[in-house]
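All chains should be built: construct the whole structure from the sequences, respecting the hints.
Protein chains: 2
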Amino acid sequence: MGTGEIIMYLEKISTPADVKKLDTEQLVILAEEMRAALIQKLSKHGGHFGPNLGMVEATIALHYVFDSPKDKIVFDVSHQSYCHKMLTGRKDAFLHEEQYDDVSGYTNPAESKHDFFNVGHTSTSVSLASGLAKARDLSGESGNVIAVIGDGSLSGGEALEGLDFASELKSNFIIIVNDNNMSIAENHGGLYQNLKELRETNGTSPCNLFRAFGLDYRFVPDGNDISAMIAALQEVKDIDHPVVVHMVTQKGKGYALAEQYKENWHWCMPFDVETGKPTVSFEGEDYGTLTADFLLEKMKHDPKVVAVTAAVPTVMGFTEEKRKAAGKQFVDVGIAEEHAVAFSSGIAAAGSKPVFATYSSFIQRTFDQLSQDLCINKSPATVLIYTASVFGMSDITHLGIYDIPLISNIPDMVYLAPTCKEEYFAMLNWSIEQNQYPVAVRVPCNGVISDGEQAETDYSNLNKYQVKQQGSKTAILALGDFYQLGEETAKSIAEKTGIAPTLVNPRYITGLDEKLLTKLKENHSIVITLEDGILDGGFGEKIARFYGTSDVKVLNYGLKKEFLDRYNVEEVMYQNRLTPEQIADDVLQLSE
Amino acid sequence: MGTGEIIMYLEKISTPADVKKLDTEQLVILAEEMRAALIQKLSKHGGHFGPNLGMVEATIALHYVFDSPKDKIVFDVSHQSYCHKMLTGRKDAFLHEEQYDDVSGYTNPAESKHDFFNVGHTSTSVSLASGLAKARDLSGESGNVIAVIGDGSLSGGEALEGLDFASELKSNFIIIVNDNNMSIAENHGGLYQNLKELRETNGTSPCNLFRAFGLDYRFVPDGNDISAMIAALQEVKDIDHPVVVHMVTQKGKGYALAEQYKENWHWCMPFDVETGKPTVSFEGEDYGTLTADFLLEKMKHDPKVVAVTAAVPTVMGFTEEKRKAAGKQFVDVGIAEEHAVAFSSGIAAAGSKPVFATYSSFIQRTFDQLSQDLCINKSPATVLIYTASVFGMSDITHLGIYDIPLISNIPDMVYLAPTCKEEYFAMLNWSIEQNQYPVAVRVPCNGVISDGEQAETDYSNLNKYQVKQQGSKTAILALGDFYQLGEETAKSIAEKTGIAPTLVNPRYITGLDEKLLTKLKENHSIVITLEDGILDGGFGEKIARFYGTSDVKVLNYGLKKEFLDRYNVEEVMYQNRLTPEQIADDVLQLSE
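Note that the protein sequences, when read in sequence, are chains X and C. The opening position of the first sequence corresponds to residue 2 in this note's numbering, with each subsequent residue numbered one higher. The opening position of the second sequence corresponds to residue 2 in this note's numbering, with each subsequent residue numbered one higher.
Check before you lean on any hint, since a few could be wrong.
Because identical chains cannot be distinguished in the list, a pair is counted as satisfied if it fits within a single copy or across any two copies.
To be verified - Straight line, CA to CA, 27 angstroms or less: simulated DSSO-like cross-link-like pairs of lysine-lysine:
#1 Lys379 with Lys71
#2 Lys301 with Lys171
#3 Lys171 with Lys325
#4 Lys522 with Lys469
#5 Lys469 with Lys516
Hints are computed from structural coordinates only; laboratory data are not their basis.
Here it is in structure tokens:
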């Protein structure tokens, strides 16, 4: 908050016990202060905007009624946990700009005993919390266990499995469904018709998804009404069986633009509070927008082309306007990655041309579908993997550096690693038009780089690497968006050793060009691999295995197998010896 | 069928068109013949028993009403597709013993144009079929698309995601829910209360899971009544929107023992038709039974120990009787692997001691939960991976050879590979009692082998390999249940080269014993790795990377990255050079 404003209550909240000291009128003022703090911080810092503005009153009510951490609150995705953080000893990270980065954007047990899990993926809260409840029952302890889950997260398989299981607990378990009638974009899926029916009947509709899962049910028409929320929660506190409290909140509440444009304000960059305009801007091209435009053009000429997303349409550039332009050729299945992959496999099996796109971190949610539904059936669908990179998202729960071991070790999958714009679109176009292979494409994440060259159009001759620069002694296999690092490394090696190395664009993550690799032995004694992901289970290790019995020395460069969190890219690159100079030094040392 | 029996109709069915020629009375006789053929074949061959006996009439009705393959039927799991196979040109594989193996146990596009997918995992049909429907709509084609899914499969996340999405299709899509009130074992989850309510109200209960997912709904009280099924399907044929046909069938119908003991007769070994007694028997110990007994003993002394299964309780030996003995310390979450892992993580995070067990093939369904819910949170849960081996199940959809790349490349996971009974139980016991690491244990699959030695009890000093035999020149790192292959290989190498090699039990799949590996360089020029799984992304490649810059030659042995199907183990071992003689030959050649 600006120093000129009066903070009557928030400044005094150190623990949830301090919330309990306030009366309803004071709690309403506290809510206003929290909302002002959120808008202030997020306008300068960026972050999840709409979800937190909607959760102010409910969070106050939760901490007023329950006794955290004895009573355990588990937030789904936990991008809506900012208010919870404010009330559990972390208010300063929302009040003072210099402390903004003291907290992560998600719940984090390292920050507070009031946080039980590091979470960031959707749809996990019910299952995780039901585990806490089970442990409580096994050890004969007491206390409430509460899962807080948004309506958008309900469509995810893990959440639905958890909801189905919950009734089996037969003991205290409270599921708060925060229904703001939105996912990141609009909701998709039949269950949202039922939520609408429940909202419109004040929770009295006899057809009730939660009751159909065997759960008790309560409805709170206005989850932004502190008194109503307190009353509702007091009623379920210490309940002896699982119950759903379905509360309706307003996403973005308290900031007019966010109330109106919910999708745009789900997450925000720093912005001007008066105008809502972003105060930072990105110039130039991005692969999302380029991809949407490319696909829209293809859709015009081919009714069989269809783009599929699991609730993240803009990762591939499909803004609301472009989704409308695509019409039936764009499908948002909601948060349901497993379904998205199997659905795409079905589409491809029947001869149409699906392109499913998601983040590297979220493709993790659908390994079995990639293997069983897609690859065993050799369905020629296309999967685009975004932010699969050290340059991607840096929160521990959203890292994009694990997809190579995940995807590339599935038999019959073709995983392509384009190195520039021309190659990316050539590969994408080939993948859409071919009907032999399941294909995944690792979208570059180091900016849109054009090499100005005409890329090859046919990638059906699998695992043929491309020699970009013929040299000797050392060969660099520079995969995907580490190709440019490979170019720099080649220069550095040439400078330091006086011998220009060979530079290769492997293009295929999923297989070896044994002919080329064998030929390299003739006049190369060192082979370097570079990949933008963890080394374990990755591309470089396959090369190391290939040369295992030869005299060629292999140096694998990539990232260490570890969970990073909010890291500095340059530091991580340096620690992993991923600078051209470090690599050239290693080559020099090995040559001596 | 025995040659003495009269087959009036089944012998004459070559295509579904032949089914349509029969009248109701004849169809009833056809059903009897099919049921007799099933009992006959399965009593000699083994296979999925109860599910197919229950589906005879419904399958006849499906092919009587619909026009396959223009109308497309997708079977969930497809272990209930035997009757479908009989009616689509594959009857001989059910009538003549010498042709029994002409068909697989699941749908298979390579066998017939009436099969659309290779499936074997549960809960995929709705998503796959909805893809077929979408492709039909995109290309302006017509025809019905039908998904057939059992009640047990409904609890899986992929199925629930698919059900939720289905209503968005807004065009022809028919979901047949085959409700026999059973999963493999009894059903678990709240939705089964709703199915019960629907059965008891003849489908009229206003609270209806399927309607809550936005779907139209019909109820057929007796799915084993051919006329009723025909009438119900005729009513939904060519429907212009998604609809669920909820039919009640009797699992195991027509074989009294299977009707009574549904769990035991879900799948059968060859048996005597008169007595129901198996005609083959296994002697000796198995890890399932041993594990259940071990856990039951621990449970007696520690109320915090809890075994968790996702609908496959007997994989870890928990028969109905042992489940009862465990009481609240055994939890079957139903077919819901994602939930099972997150639930276990929650239990462990709160200080109790969960042991989740499943098949290698099914752990694939929960990668993100292993990574995000379990490992990021460092929850000290135990996961047991069964049939993770070339010696495991051999159907393409149930292979157990992909778990090493899947599990071992997740940061902070400890994946252990015991080599014998003593080591397995020592590792399991350590894992249950420790509270630092998420631990998975790869249960040996080459029989219960006892080495008679006292195994170490503490595995918290991670990645410390065990030298079992000190030799020179060649070192063999023999992982898990390939340790015995390592022993034989050591002998063979000693014989052929005259130099006894070093034999190492690596124990840890997830990390390197760099100290030992460095020391091996001193008097070894060849290092061999053996692992019972695919090489890509596996253990051996990590060793190859480690030695990449040294003079040590590395030979990695394991399986090729490919989808095998109903293979002969010995052949596969030979093709992958996994016999002691072949390996010794390779060493000899490399030494020359």
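Outcome of the hint check:
no.	hint	result
1	Lys379 with Lys71	between (51 angstroms within a copy, 21 angstroms between copies)
2	Lys301 with Lys171	between (54 angstroms within a copy, 22 angstroms between copies)
3	Lys171 with Lys325	between (46 angstroms within a copy, 17 angstroms between copies)
4	Lys522 with Lys469	within (17 angstroms within a copy, 36 angstroms between copies)
5	Lys469 with Lys516	within (16 angstroms within a copy, 39 angstroms between copies)
Violated hints for the displayed structure: none, as all numbered hints are satisfied.
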